[in-house]
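Residue numbers (my numbering), protein chains in the order written: chain C, 50 to 550; chain R, 93 to 292.
Derived from the structure by calculation, the hints contain no laboratory data. Where hints are given, some of them may not hold.
[As the list claims (entries may be wrong)] Below 25 Å or equal to it, Euclidean Cα-Cα: the simulated SDA-like pairs (lysine to any residue) are:
| # | chain 1 | residue 1 | chain 2 | residue 2 |
| --- | --- | --- | --- | --- |
| 1 | R | Lys95 | C | Leu521 |
| 2 | C | Lys379 | C | Phe493 |
| 3 | R | Lys95 | C | Arg163 |
| 4 | C | Lys379 | C | Trp356 |
| 5 | C | Lys379 | C | Pro394 |
| 6 | R | Lys95 | C | Phe493 |
| 7 | R | Lys95 | C | Arg119 |
| 8 | R | Lys95 | C | Lys415 |
| 9 | R | Lys95 | C | Lys379 |
| 10 | C | Lys415 | R | Ala111 |
| 11 | C | Lys379 | C | Ala404 |
All values reported here derive from a predicted model rather than from experimental measurement.
Below are the chains, spelled out letter by letter.
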Amino acid sequence: MSTAEQAGLRRGGWRRQSVALACAGATLLSAVAWAVVTPPFHAPDEPSHFAYVQRLAETGTPPSPSEVSRPGWSSAQAAALRAVRFPSVRANPRGKPPWTVLDQQRADLELSHRLAQNDGGGADAASTYPPLYYSVESVGYLASDALGANVIEQLTVLRLISCLLTSLTALFIFFFIRELLPGTPLAAPVGALSVGLLPYVGFIGSSVNSDVLMMTLSAALFWLVARSWRRGLTDGAAVWIVAVLVAGWATKPIFLGLVPGAVLAIVFLLLRLRSSGGRSLARPLAALIIAGGVAAGLYLAISSGLWARSTQPPGSSDLVSGSASGQAQKSLTGFLSYLWQYWLPRLPFLTDQVAEPYPLWETMFKGFIGRFGWLEYQFPAWLYDAVLVCWVGLLALIARALVVGRAALRSRAGELLVYMTMMAGVAGLISLVGYQLRTEGASFEQARYLFPLLALFGALIGLAVRGAGQQLAPYLGIAIVIGTGALNIGGLLMTLGRFYA
Amino acid sequence: MAKLTLFAASLVAVLALAAAVWLSTDGPDTPSSPGALPQNFIAGIGPGQRLCIADQIIPPGTARIEMTLSTYGRPLVAAIAVTGRAGDKLILAGSRRFREAQNVVVPVAPTANREQLATICLRNIGQTKFQIAGSPTSGPSLRYPGATQFSWTDIAGDIGERFQRVRVAPFGAATAWLALALALAAIALGVGTVIRTARR
Chain C
50 MSTAEQAGLR RGGWRRQSVA LACAGATLLS AVAWAVVTPP FHAPDEPSHF AYVQRLAETG
110 TPPSPSEVSR PGWSSAQAAA LRAVRFPSVR ANPRGKPPWT VLDQQRADLE LSHRLAQNDG
170 GGADAASTYP PLYYSVESVG YLASDALGAN VIEQLTVLRL ISCLLTSLTA LFIFFFIREL
230 LPGTPLAAPV GALSVGLLPY VGFIGSSVNS DVLMMTLSAA LFWLVARSWR RGLTDGAAVW
290 IVAVLVAGWA TKPIFLGLVP GAVLAIVFLL LRLRSSGGRS LARPLAALII AGGVAAGLYL
350 AISSGLWARS TQPPGSSDLV SGSASGQAQK SLTGFLSYLW QYWLPRLPFL TDQVAEPYPL
410 WETMFKGFIG RFGWLEYQFP AWLYDAVLVC WVGLLALIAR ALVVGRAALR SRAGELLVYM
470 TMMAGVAGLI SLVGYQLRTE GASFEQARYL FPLLALFGAL IGLAVRGAGQ QLAPYLGIAI
530 VIGTGALNIG GLLMTLGRFY A
Chain R
93 MAKLTLFAAS LVAVLALAAA VWLSTDGPDT PSSPGALPQN FIAGIGPGQR LCIADQIIPP
153 GTARIEMTLS TYGRPLVAAI AVTGRAGDKL ILAGSRRFRE AQNVVVPVAP TANREQLATI
213 CLRNIGQTKF QIAGSPTSGP SLRYPGATQF SWTDIAGDIG ERFQRVRVAP FGAATAWLAL
273 ALALAAIALG VGTVIRTARR
């Protein structure tokens, strides 16, 4: 290869990377806007997640669900929550945060006291979660604490770290779609931007919440699987896949919904390696086993050994073992019935177990487009209908892309099966927890639990761009980016209106 | 390239126009200050008794005070007084009859351009006990609606001013609008990326 050809290749490579970086940059800008606009602690369970980080950073041990006598919040955090008038504003559409000069003076006085920061983090909404996300955030906490920041300033620093992770998610989604649809250059940027500029992703992705790292790791897993499918399973990729799986396990239980699909992918990739005949299975198998053993061993040693924490997903064993803890209605058939009617229209002979008439629409679709704060405000109803109409058009384009590319689709049936298994795994896990809590009278499902599947959402958008054909694809791409961005601006304006108008 | 840019510009123009129309429309009459979540009825006040809620910040422009009372299903008579911190009487609503779970609206003289610390007192001058809606932890739920409906263009300055309190706002009153500018920049970067990719 001549020097000029090499330089041309380098330029092409740099251009592709710059497009990926631009998508991550746009996502970062959107997430930072959300981090600034959302009032302190007004994202789902944010006080509990902050308390977890503070406890871990201050004491070196994560909270434990059994520490019921210890306060959920430290004295310093409790003062900050009082200063922002959290109890009366949370989930109360009529409650407004402090906004006058007198409010500021009172809050300054409250925040000026150096109160204890290590006396909170008892049993709370987040205390059952694994510690990886909080360990990452504790670096930001300790750095800001060393600079003398108060709780509200520390929260802002933690939010900015979340924003960085969210932009990394968009980057992985870009790479995933590029591996999936290499013949459609517009698919990757439009797909990644349609995720990165989505208002709900900006809102959750800029908050202090373990969902943020969970979605980054999920997107990374999808990319690694797609890359290995196209280029073959290398030793390095095998190590990374296993490392991401263990990291996801150490981040949030809902990530485990992806595991059956990932295991299926590994089996397929190893079989393909064997059938290609060129390489021995021994090295990638050894890489998988050693990396898995080291990563899982390290996690178990720290979590179970050092901190004596359970590494099992909270409350997941009742149904499988059949030992329903006092709630008589739990059964396998009950769960299967619940699973069906949550995601699909209820059949006439099924006992009605779901409160909403169409949970897929009411909770998941509407929530995914945008539901903010402590779920107390959302877009006007007509907007969700309008987005649904747009999606009908996109589905037609997706169908066209699948029909046109059916030959290629057949040759990639195994890969498709892997993604379907991942989707079914996440939906099944959401319903498993939802079913258990619903029989105990609580409601669980929220659209953010679909975030492990964000990469597939981006891929569907990419597929629609492909279905539009070469002539129309740029116009569709621009319309999708501007439309999603307009929704994002609308969500931010609504947030300003909810809290400050 | 030129066609794509024109298409993007047209789309932005249409959306900007729609946004301008929406933002210049009057919104609902919104409360202008915090209120505890009215979770349930608290603080029973018997005949002749008085309940005073101290340290209430009444924001500028407040036109009335709202609260919800439970009369245990029977009509009652109560007096509601709002006094300033130094004892200045802002309003004396006088005796009024109330129904069960009625949203009680007490008009006050608009507090004009400055916020005031006030103590709001309710005295039961009837024969039956009543309760006020609020939260067991945060106290009675009082609301202070403004005098008029708002439009975004009218209150844009106020939003910026209010936004900067008790949070990280490095650019003061401009912080909220700069955050929106970031989100607009994200769209511009995204559209630019799509156009650049399509050109190749």
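Hints versus structure:
no.: 1; hint: R:Lys95 with C:Leu521; verdict: holds, 12 Å
no.: 2; hint: C:Lys379 with C:Phe493; verdict: holds, 16 Å
no.: 3; hint: R:Lys95 with C:Arg163; verdict: violated, 60 Å
no.: 4; hint: C:Lys379 with C:Trp356; verdict: violated, 32 Å
no.: 5; hint: C:Lys379 with C:Pro394; verdict: holds, 21 Å
no.: 6; hint: R:Lys95 with C:Phe493; verdict: violated, 48 Å
no.: 7; hint: R:Lys95 with C:Arg119; verdict: violated, 63 Å
no.: 8; hint: R:Lys95 with C:Lys415; verdict: violated, 34 Å
no.: 9; hint: R:Lys95 with C:Lys379; verdict: violated, 60 Å
no.: 10; hint: C:Lys415 with R:Ala111; verdict: holds, 21 Å
no.: 11; hint: C:Lys379 with C:Ala404; verdict: holds, 17 Å
Hint check: violations occur at hints 3, 4, 6, 7, 8, 9; the rest are consistent with the structure.
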